[in-house]
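Going line by line, the protein sequences match chains F and P. The opening residue of the first sequence carries number 1 in UniProt numbering; numbering runs sequentially from there. The opening residue of the second sequence carries number 1 in UniProt numbering; numbering runs sequentially from there.
To be clear, the hints were calculated from the coordinates, so they are not data collected in a lab. Note that the structure is a prediction, hence the values are computed from the model and not measured. Treat each hint with caution, since some may be false.
Stated by the list, open to error - In silico DSSO-like cross-links for lysine-lysine, where the CA-CA straight-line distance does not exceed 27 Å: (1) LYS99(F) x LYS111(P); (2) LYS111(P) x LYS109(F); (3) LYS20(P) x LYS110(F); (4) LYS194(F) x LYS40(F); (5) LYS415(F) x LYS109(F); (6) LYS282(P) x LYS415(F); (7) LYS415(P) x LYS99(P); (8) LYS20(P) x LYS110(P); (9) LYS166(P) x LYS31(P); (10) LYS415(F) x LYS345(P); (11) LYS111(F) x LYS282(P); (12) LYS415(P) x LYS109(P); (13) LYS280(F) x LYS415(P); (14) LYS109(F) x LYS345(P); (15) LYS280(P) x LYS266(P); (16) LYS111(F) x LYS109(P).
What the hints assert, rightly or not - Output of the computed footprint for chain F on chain P, the stretches with three or more beta carbons under 8 Å from beta carbons of chain F: (17) 8-22; (18) 355-361; (19) 370-384.
We put the beta carbon where it would ideally sit given N, CA and C, even for glycine.
Protein chains: 2
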Amino acid sequence: METLTVMGQRAKTAAAQLAKTGITERNNALKAAADALLAKRDTIQAANAKDIEAAKKNQMKPAMIDRLTLTDARIEGMAEGLYQIVQLDDPIGEITSMKQRPNGLMIGKKKVPLGVIAIIYESRPNVTADAFGLTLKSGNAVILRGGSDAIHSNTAIVSVITESLKECGINPDAIQLVTDTDRALVTELMHMNKYIDVIIPRGGAGLIQNVVQNSTVPVIETGTGNCHIYVDEYADFKMAEDIIFNAKTQRIGVCNACESLVVHSKIAGEFIPQLVDRLKLKNVEIRGDERAMAADSRIVPATEDDWGTEYLDYIISLKVVDSIDEAIAHINRYNTGHSEAIITKDYDHAQQFLNEIDAAAVYVNASTRFTDGFEFGFGAEIGISTQKIHARGPMGLDALTTSKYVIYGNGQVRK
Amino acid sequence: METLTVMGQRAKTAAAQLAKTGITERNNALKAAADALLAKRDTIQAANAKDIEAAKKNQMKPAMIDRLTLTDARIEGMAEGLYQIVQLDDPIGEITSMKQRPNGLMIGKKKVPLGVIAIIYESRPNVTADAFGLTLKSGNAVILRGGSDAIHSNTAIVSVITESLKECGINPDAIQLVTDTDRALVTELMHMNKYIDVIIPRGGAGLIQNVVQNSTVPVIETGTGNCHIYVDEYADFKMAEDIIFNAKTQRIGVCNACESLVVHSKIAGEFIPQLVDRLKLKNVEIRGDERAMAADSRIVPATEDDWGTEYLDYIISLKVVDSIDEAIAHINRYNTGHSEAIITKDYDHAQQFLNEIDAAAVYVNASTRFTDGFEFGFGAEIGISTQKIHARGPMGLDALTTSKYVIYGNGQVRK
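Here chain F stands alone, though its shape is the one from the complex (with noise of 0.2 Å):
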């Protein structure tokens, strides 16, 4: 492989030379990209075969390999994802507030690509190809690196895809892969502020944190989700039930999931047993305060570790409040900024949460599983962002982009 740092290069220029290109010459690679997929999926079976049989040797779970494995759907799906960022309309080019100043200067932001994005990612090399799109339809170089157990099928994706960007007249720099999985070279890419513009981490806590906590290279962080359901006293129990049930059981592994309840003492008695019953359909185990449990004999106690935990499991904390004010101290205590949401009918309660919750996307009446770029209408995620900076929630390629002022001028000098 080649060093570090001449990918860095590599990828600066292409960069350089991607944001001189046209939208109709990124969607035309786009699709060229997709359909070589579609063409070549043998190649990238047998080379993901390769990956699932070492996967298999090294004991890993059955989940897991099943989330490594590239079926005919799973690779037609990368494909269409390719065809629907196409879609999409252009994040770059347009200059947004062009004003004239008093001095005659035409000053405007213009909508430019980052530049060269790097991403580390982990096992699902399906990622490989919607990293791709979403950097190239904005615009950008990238480089990855993902998980070690995908190792073959993330080369052979990244082969087709280079291979196509050549037929098309793009630089195949557009899209790198780091093929050697050693450990130390993803230190080193966190360091390399002259060629990378931004690192985006995908997957656990443990990635992200290692990623936050040792890259020099701004970070956009990604991730964990310790979503909470506050059920006021004046809440309609019916739809607090659905949505708890929905936002804890309807896919338990993702960072929008509800992982923690919060409910109004004066409803506790008679809404709690309630819940527990629907919850205990799939048998989801509740961790309670003393008040909870006092509620429902089914519910187990909590630590305080409880509350901090984003479980990503058949499991979620109850605490019970005595107030919305409580509610919202405990939420904004223990949230990692990412989903929160009340049910309420009272018109001020509602206002005063979506007012006062601290996180990337707050809720009333809905379900939290709702935080994605898709389901706000974004058409493509890379992401959901859950620091403050740049991008918060879920990031589209709006994320991707920066901007730049060009300011048209006739001798101006400054007095």
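Once you have looked at the hints, place chain P on chain F.
For chain P alone, coordinates are given in the frame of chain F:
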């Protein structure tokens, strides 16, 4: 001094309270603080005298002592700055792009404060009042760490402001100063991800690089500007000469001053001597490549280091190129992503330069000295971002905000 952790906790509490304030309350607090700075100028100047005495003892250069000195005019300037911030629109609370999704969810994007901002800066104590004004207006709490040279002045200014906040019923922890000048505390501050949402360094390249290299808290990089002016073969010579003279000499110690020239070879012989005549009026030293030296014997040789140097002095580098492509490549290689200008009468060259130069601000036929929040019409400036994420170029109040998605539902669950 309290521990930084306690300061962080207090700042977070203050930020949560500020997020609930209305603009009238925040504007009244800003006016009260400005009034207090004027009313207590004697106290501030007495503290400032201690800093000046210490500076003289430490043989600080007269120019630096001048920057440190809080004359009547400068204190009035600080107050005036706060009154001006009062006049600006509230950057907080607007909900944009509220749209209904097919499932009936109403999803809008609301502007909210970032939360807790840390600002690490050097010498000039008036930055203390500026930083307070911008962060309070945008509903943020701020933790300030100024230079040790100005510690007495900064302590006095912050004390005057916190007293006035108390009188307005605002939590005085909205502004806190790290009074212990131990450098280890800067390192600690840079790792307080739990309490600080963003760090903005303001000062020299050393300070900024220390923060960029070591902070785990997200950073907005500001500052260093190796700004170029390219004199195209189709330039108006008089305009080029005026703009370069302005950009180099109008104020030398600032990040938007011009540090490097690029001149087309076709006009080098005629234009360079005329330019050198003008720059020599201010005794500017010109360091050039061989062709530049051939054009004028007053030009001294440049080394490779010169192309990347921000002089902040009466020195400028000069390179001769054979095409606009070569000029753009040179500038994109050595610039710091700040401000770059082309002087030309050619339409295509102007557009090409605007499109292909990778910098926060790109000018046609104007001085780079205009890159500034006030000149851009933002009414205020917290610094000039030279990174690509979150904010790029001059940062006004808007750069101190983030967004929160607010979602109104009526029982939606995800299918």
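These are the hints, each one checked on the structure:
no., hint, verdict
1, LYS99(F) x LYS111(P), "holds, 23 Å"
2, LYS111(P) x LYS109(F), "holds, 19 Å"
3, LYS20(P) x LYS110(F), "violated, 33 Å"
4, LYS194(F) x LYS40(F), "violated, 36 Å"
5, LYS415(F) x LYS109(F), "holds, 24 Å"
6, LYS282(P) x LYS415(F), "holds, 17 Å"
7, LYS415(P) x LYS99(P), "holds, 20 Å"
8, LYS20(P) x LYS110(P), "holds, 14 Å"
9, LYS166(P) x LYS31(P), "holds, 13 Å"
10, LYS415(F) x LYS345(P), "holds, 23 Å"
11, LYS111(F) x LYS282(P), "violated, 39 Å"
12, LYS415(P) x LYS109(P), "holds, 24 Å"
13, LYS280(F) x LYS415(P), "holds, 20 Å"
14, LYS109(F) x LYS345(P), "holds, 22 Å"
15, LYS280(P) x LYS266(P), "holds, 23 Å"
16, LYS111(F) x LYS109(P), "holds, 19 Å"
17, 8-22, "holds (count 3)"
18, 355-361, "holds (count 6)"
19, 370-384, "holds (count 5)"
Of the hints listed earlier, those the structure fails to meet are numbers 3, 4 and 11, in rising order.
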